[in-house]
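Based on the sequences and whatever the hints tell you, model everything.
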Amino acid sequence: MTTNDPQAEMRAQLVALLPRLRRFARNLVRNPHDADDMVQTALERALLRSSQWHTDARLDSWMFKIIRNAWIDTVRARGRQARVFAPEEAGAAVGDPVMEREADLLSVQAAMARLPEEQRAAVSLVLVEGLPYKEAAEVLDVPIGTLTSRLARGREALKAMLDPPREGAS
Amino acid sequence: MKYSDETLMAFADGELDAALRAEIESALEGDAELERRVAAHRALRARVHEAYAGELDEMPPQRLLDVLGAGAVSKVAALDDLRARRRERAAAPRWLALAASVAIGATAGYLAFDLGPRAQVTSKGGVLVADASLEKSLSSAASGEGVGSTPRIGMTYRSKSGALCRSFTASALAGVACRDGGEWRIRVLAQIADAGAGAGGYRTAGSELPPAVRGAIEADIDGEPLDAAAERDALSRVK
Numbered sequence: 001m002t003t004n005d006p007q008a009e010m011r012a013q014l015v016a017l018l019p020r021l022r023r024f025a026r027n028l029v030r031n032p033h034d035a036d037d038m039v040q041t042a043l044e045r046a047l048l049r050s051s052q053w054h055t056d057a058r059l060d061s062w063m064f065k066i067i068r069n070a071w072i073d074t075v076r077a078r079g080r081q082a083r084v085f086a087p088e089e090a091g092a093a094v095g096d097p098v099m100e101r102e103a104d105l106l107s108v109q110a111a112m113a114r115l116p117e118e119q120r121a122a123v124s125l126v127l128v129e130g131l132p133y134k135e136a137a138e139v140l141d142v143p144i145g146t147l148t149s150r151l152a153r154g155r156e157a158l159k160a161m162l163d164p165p166r167e168g169a170s
Numbered sequence: 001m002k003y004s005d006e007t008l009m010a011f012a013d014g015e016l017d018a019a020l021r022a023e024i025e026s027a028l029e030g031d032a033e034l035e036r037r038v039a040a041h042r043a044l045r046a047r048v049h050e051a052y053a054g055e056l057d058e059m060p061p062q063r064l065l066d067v068l069g070a071g072a073v074s075k076v077a078a079l080d081d082l083r084a085r086r087r088e089r090a091a092a093p094r095w096l097a098l099a100a101s102v103a104i105g106a107t108a109g110y111l112a113f114d115l116g117p118r119a120q121v122t123s124k125g126g127v128l129v130a131d132a133s134l135e136k137s138l139s140s141a142a143s144g145e146g147v148g149s150t151p152r153i154g155m156t157y158r159s160k161s162g163a164l165c166r167s168f169t170a171s172a173l174a175g176v177a178c179r180d181g182g183e184w185r186i187r188v189l190a191q192i193a194d195a196g197a198g199a200g201g202y203r204t205a206g207s208e209l210p211p212a213v214r215g216a217i218e219a220d221i222d223g224e225p226l227d228a229a230a231e232r233d234a235l236s237r238v239k
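So the sequences go chain by chain: A and B.
Residues in the first sequence are numbered consecutively from 1, following this note's numbering.
Residues in the second sequence are numbered consecutively from 1, following this note's numbering.
Just so you know, not all the hints are guaranteed correct.
Unchecked claim - What the simulated footprint calls covered on chain A by chain B, stretch by stretch (three residues with Cβ under 8 Å from a Cβ of chain B suffice, anywhere in the stretch; the number is not a length):
#1 8-15
#2 66-77
#3 130-143
Rather than coming from a laboratory, the hints here were simulated on the basis of the structure.
We put the beta carbon where it would ideally sit given N, CA and C, even for glycine.
So this is what it looks like as C-alpha cells:
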C-alpha cells in the first residue's frame with residue numbers, strides 16, 4: 001500500500017469525480033461506451049500531467065478541459081463522421097406530452113441531444129455541472145462573452161423544445 | 001425591455017457584479033414581467049440540473065477505477081448502497097468509499113464512513129482499518145477459525161509487495177486485510193450476498209467469497225497461501 005504517493009490525493013479526488021466526468025463526457029458524445037473511452041483517455045492524461053495541476057485549482061474544471069480536448073482529438077481523428085450521439089434514440093422522446101416526471105426527465109436529455117455541440121457543452125458545464133461562467137469559458141477555451149452567448153442560445157432552444165408555445169388548450 | 005435576456009440569465013445564475021445585481025433586485029419589486037423572466041431562467045436551470053442528477057448514482061465501470069488504481073469494488077455492495085441511497089441521501093456512495101479506501105491509503109481523509117454498530121471495519125484518518133474485534137482475529141486466529149463465532153479468517157498469503165494479507169468474513173462482510181504501518185488495513189471489502197447462510201469459516205480462497213474479494217486475492221497473491229506452519233510463524237512476528 002502506497003501511503004506517500006504524491007498522486008494519491010489527486011487519485012482520491014478523481015475517484016470521487018468519476019460520476020461527473022462520465023456525465024460530462026456523455027453530454028459530448030451520446031454513446032456511453034465512447035464517453036467512457038474518452039474519460040479513460042482523459043484520466044490517463046491527467047495522471048501523466050499531474051504535476052501541472054495545483055491543488056488550489058479546481059480539479060473538476062481541469063478534468064473537464066482534458067475531456068473536452070480528448071473529445072476534439074476524437075472528432076478530428078474520425079473526421080466529420082463524429083456525430084456519434086444517436087439522434088434517433090435521443091430524439092424519440094421529443095414532443096412526448098410531459099405528463100409524468102419520467103417523461104419530463106427523458107425529454108430534457110432528448111432536447112439536450114438536439115442542441116448544437118457548442119451550446120450543449122456550455123449548457124452542460126453551467127447548468128448540469130454547476131461551473132461558474134469563468135470556469136466554463138476556460139474549459140471551452142473561449143472568451144466569457146462567447147460562453148454566455150452560447151449558453152443563452154442553448155437555453156432559449158431548450159426552452160422552446162421543453163415548453164413549446166401553446167397554440168390552443170393542451 | 002430594459003434588461004437583456006442574457007443579463008437576466010446571468011442574474012439567475014448568480015453571475016452579475018454586486019451593483020447590477022442590486023439594481024435588478026430592486027427592479028424586480030413590483031415588476032411581474034421581469035420576475036417571470038427571471039423565474040423562467042431559474043426553473044430551466046433547476047430542471048436541467050435535476051434531469052442529470054441520477055447519473056451521479058451510477059457506479060463507474062471497473063476499467064475506469066483500474067486506471068486510478070482503485071482496485072476491485074463489489075458490485076453487490078454498490079447496488080445495496082444505491083438502494084439505501086434512494087431511501088436516505090447518504091453523503092457518498094459506498095462504491096466510492098470502498099474504491100477510495102483501497103486506492104488511496106492514508107490521504108483520503110475526506111471520506112466519512114460509517115458502517116454501523118456491527119461494522120468490524122472502521123475509518124481511521126480516512127483509511128479503512130480493522131476494528132478491535134477484527135484486529136484480534138487477524139493478528140491471532142489461525143485460518144479456518146475465528147475468535148468466538150465471528151470474525152473468521154479464511155486464508156493467509158503474501159501480497160506481491162510482500163505484505164502479510166488475510167481474507168476474512170465478519171458478519172455480512174468479506175474482505176482482505178493486509179498488515180501495513182502497524183495496523184490491518186482493508187484492501188478490499190464486499191458485502192456477502194447471503195450473509196445468513198454463508199457464515200461458515202473459509203479454509204481456502206473458497207468459492208463462497210464474493211467475486212470481488214476472490215478477484216483481488218488472485219490479482220495480488222504472491223505464490224500460494226501460507227501453510228499452517230508458515231502462517232504461525234508470520235503471525236508471531238505481527239506487532
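Here is how each hint holds up against the structure:
1. 8-15: holds (count 6)
2. 66-77: Not satisfied, violated; 0 residues make the cut.
3. 130-143: Result for this restraint: holds, n = 3.
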